[in-house]
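Enquirer: Which chain is which? The protein sequence lines are E and A, in order. Using our numbering, you'd call the opening residue of the first sequence number 1 and step up by one each time. Using our numbering, you'd call the opening residue of the second sequence number 1 and step up by one each time.
Do not take every clue at face value.
If the Cβ cut is set under 7 angstroms, some of the chain A residues that face chain E in the computed set are [said to hold, decoys possible]:
| id | residue |
| --- | --- |
| 1 | V15 |
| 2 | T17 |
| 3 | S20 |
| 4 | V23 |
| 5 | A25 |
| 6 | L26 |
| 7 | G36 |
| 8 | V155 |
| 9 | V158 |
| 10 | Y161 |
| 11 | L162 |
| 12 | V290 |
| 13 | N314 |
By construction, these hints were calculated from the structure, which means they are not laboratory data. From the three backbone atoms N, C-alpha and C, an ideal C-beta is built for every residue, glycine too.
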Amino acid sequence: MSTTADLERLAEDLAAEARPDRAGTGVSPHRTALRRLRSDPVAVVSGAVVLVLVLLGLLAPLVTSLWGIHATVGHPDAPRPSEVLLFDGYPAVGPPYEPFTWQHPLGLAPRTGVDNLATLLYGLRTSLGVAVVATVLTTLVGVGVGLVAGFVGGRTDRVVSFVIDLFLSFPFLLGALALAPIVVSRFSTDPDGLALAQVVALVAVLVTFGWMGLARLIRGQVLSLREREFVQAAVVMGLSTRHILLKELLPNLVAPIVVAVSLSVPAFVAAEAGLSYLGIGLTGVPSLGQTINQAVDSFERYPLYLWAPVLTVMVLVLALNLLGDAVRDAFDPRTRR
Amino acid sequence: MAGFVARRLTSALLVVTLTSMFVFALFFLGPGNPAGPVCEAQGRCTPERLAAIERQMGLDQSVVTQYAAFVRGLVVDRTVVVGGEHTCAAPCLGISYGSRQEVTEELARRFPATLSVAVGGATIYLLVGVTTGSLAARWRGTTADRLLVGGSLLVSSVPYYLLALLAWIVLALQWGLFPGTGYTPLTEDPVAWASGLLLPWLVLGVAGSTQYARYTRGAMVETLGEDYITTARAKGLSPRRVVFGHGLRAAIAPVLTIFGLDMAALLAGTVFTEQIFGIDGVGSWALEAVRAPQDFPVLHATVLLGAVLVVVANLVVDLAYGLVDPRVRTS
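Using the sequences provided together with the hints, build the complete structure.
Expert: Here it is in structure tokens:
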């Protein structure tokens with residue numbers, strides 16, 4: 001995966017930065033990075049796009065209730081499928097047969113009659129929610145494992161490195177394939193439980209196969225930081241390991257962590273939509289990938305139904321990726337002025 | 001060297017064994033009941049019928065006994081009960097709950113399609129990626145270089161399956177290009193084989209090549225700054241020989257490592273490709289097996305196959321590393 005290679009490149013850059021010949025300029029590296037980010041047009045534009053999409057996702061309940069649309073089939077206020085659907089299963093209002101209507105800007109879904117805009121907004125919410133939770137958890141696991149392995153060293157480090165290699169060589173898609181049917185068969189009689197279990201299982205798969213890159217990067221960083229004077233001084237002063245890890249080492253690892261976070265959010269958004277598209281992700285809650293899956297079959301009759309979620313995922317992942325890339329460049333000491 | 005090979009082989013075997021145990025435990029010890037789909041397939045499933053089927057399938061025995069039976073089946077023929085008795089020739093990966101056929105037979109039937117997609121795509125992205133990456137490094141700083149870098153960033157920022165889906169919809173469905181996309185066995189009709197897989201190969205190739213172009217460019221820019229490149233230039237060698245003869249030889253090793261690590265991504269790409277272009281390979285088989293009624297033996301076999309492929313790819317790359325880069329051999 002590209003993220004691993006990107007992180008490895010970053011590690012080299014950071015190692016170059018750690019050389020003592022860098023003259024102090026009086027501005028902290030993080031502030032420099034922020035300033036560079038603000039003057040980077042790609043970062044500003046993609047950041048704005050991300051902000052709009054995040055707000056739309058966050059405010060999905062508000063927007064849909066103001067608009068009077070609903071994302072679930074059984075909602076009491078929503079029109080019954082039989083009222084809005086024709087005999088062939090396609091909607092009686094809006095596209096593909098009738099002209100555009102403000103009531104349902106993206107039309108209704110065939111067969112279920114659910115509003116497409118509402119599904120899209122809630123799908124955005126699901127995607128971003130899953131990605132953010134998975135990113136937080138992978139960061140915690142990755143940083144924790146990396147810190148301990150790098151600082152303690154010895155046998156612990158060898159075992160951890162072996163486990164990292166083991167997980168790196170196992171495709172996460174296979175993990176999702178193995179886990180999905182178990183979740184479905186366990187909760188097949190309980191739709192609400194199934195929806196929740198799918199979200200939990202999906203996050204679990206993403207975290208299980210997503211923590212290794214950061215752990216490896218942090219471990220490498222800690223290995224070199226451990227030899228620096230301030231850490232050795234802390235050891236000599238008899239400070240607790242906990243203090244050294246959290247108060248001495250962690251503040252020096254902010255840059256790689258920020259970069260890893262900003263690159264893993266788009267990766268997780270893409271992974272969630274991809275798995276749901278394949279039918280091994282989420283089926284119980286609105287999800288962009290799931291809508292794409294359903295819309296492919298009716299594409300020739302009803303293109304808008306497919307284009308809306310496809311373009312949304314594309315724009316979201318693209319903007320997040322470009323933003324993450326800009327963040328990495330901003331933190332990259334090689335191009336620092 | 002022999003010690004290195006032995007160590008790598010041991011670790012590869014360990015990874016495959018652990019994966020197989022993990023997946024087995026997940027299916028047969030986890031919350032799902034493998035007897036459930038078999039029972040449901042035969043009409044109304046009462047608790048007594050379920051219990052009887054569990055006993056027939058040996059699911060009431062300890063998971064260690066069951067795993068031992070599975071491992072023994074890899075070397076000697078065994079009898080498997082799935083709704084009836086089936087003999088399963090070694091190496092036995094079980095009997096499919098859906099088709100009641102030996103899993104290995106169907107795997108052998110479907111694997112060529114998957115292999116064709118993966119090998120064709122990988123060939124294109126390695127060739128295109130390494131070539132464009134080297135050229136970009138040679139023309140470093142020019143407009144061509146910036147376009148290449150920008151374009152590759154853009155393409156690799158979009159999820160692969162969306163690119164494939166767009167290619168399928170726009171190129172194949174709307175514009176009617178690439179008619180007859182699908183899989184025909186190579187042995188049956190080589191022309192139909194190649195023309196049917198052309199679009200999947202191109203999509204997989206283009207999407208994958210952007211990353212390799214970036215890796216190659218990075219490695220080449222570094223290599224072209226080395227002293228021996230300056231020496232080669234000073235000797236009056238043509239720029240092409242300097243870049244592709246002297247530079248690429250040193251820069252290709254890290255790219256190969258990434259190729260090995262990327263095997264997992266290639267497999268994922270193949271699953272999406274099969275699904276989108278309607279190719280009847282191992283990936284779409286696994287996805288079918290996930291859908292109700294679930295087919296645990298098929299899933300177990302496909303996940304195991306994926307793990308084996310990834311491990312073997314890494315092993316081959318590790319061993320090939322020494323061949324490509326003599327500096328590794330001596331150290």
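Enquirer: Does each hint hold? Answer for all of them.
Expert: Taking the hints in turn, this is what the structure says about them:
1. V15: holds, 6 angstroms
2. T17: violated, 11 angstroms
3. S20: This interface hint is violated because 11 angstroms lies over the 7 angstroms limit.
4. V23: Holds. Min distance 5 angstroms.
5. A25: For A25 of chain A, the interface hint is violated, since the closest Cβ of chain E sits about 10 angstroms away, which is over 7 angstroms.
6. L26: holds, 6 angstroms
7. G36: Cβ of G36 of chain A sits 6 angstroms from chain E, so the hint holds.
8. V155: Violated: closest Cβ of chain E sits about 10 angstroms from V155 of chain A, beyond 7 angstroms.
9. V158: holds, 6 angstroms
10. Y161: Since the shortest Cβ distance to chain E is 5 angstroms, the answer is holds.
11. L162: holds, 5 angstroms
12. V290: holds, 5 angstroms
13. N314: holds, 6 angstroms
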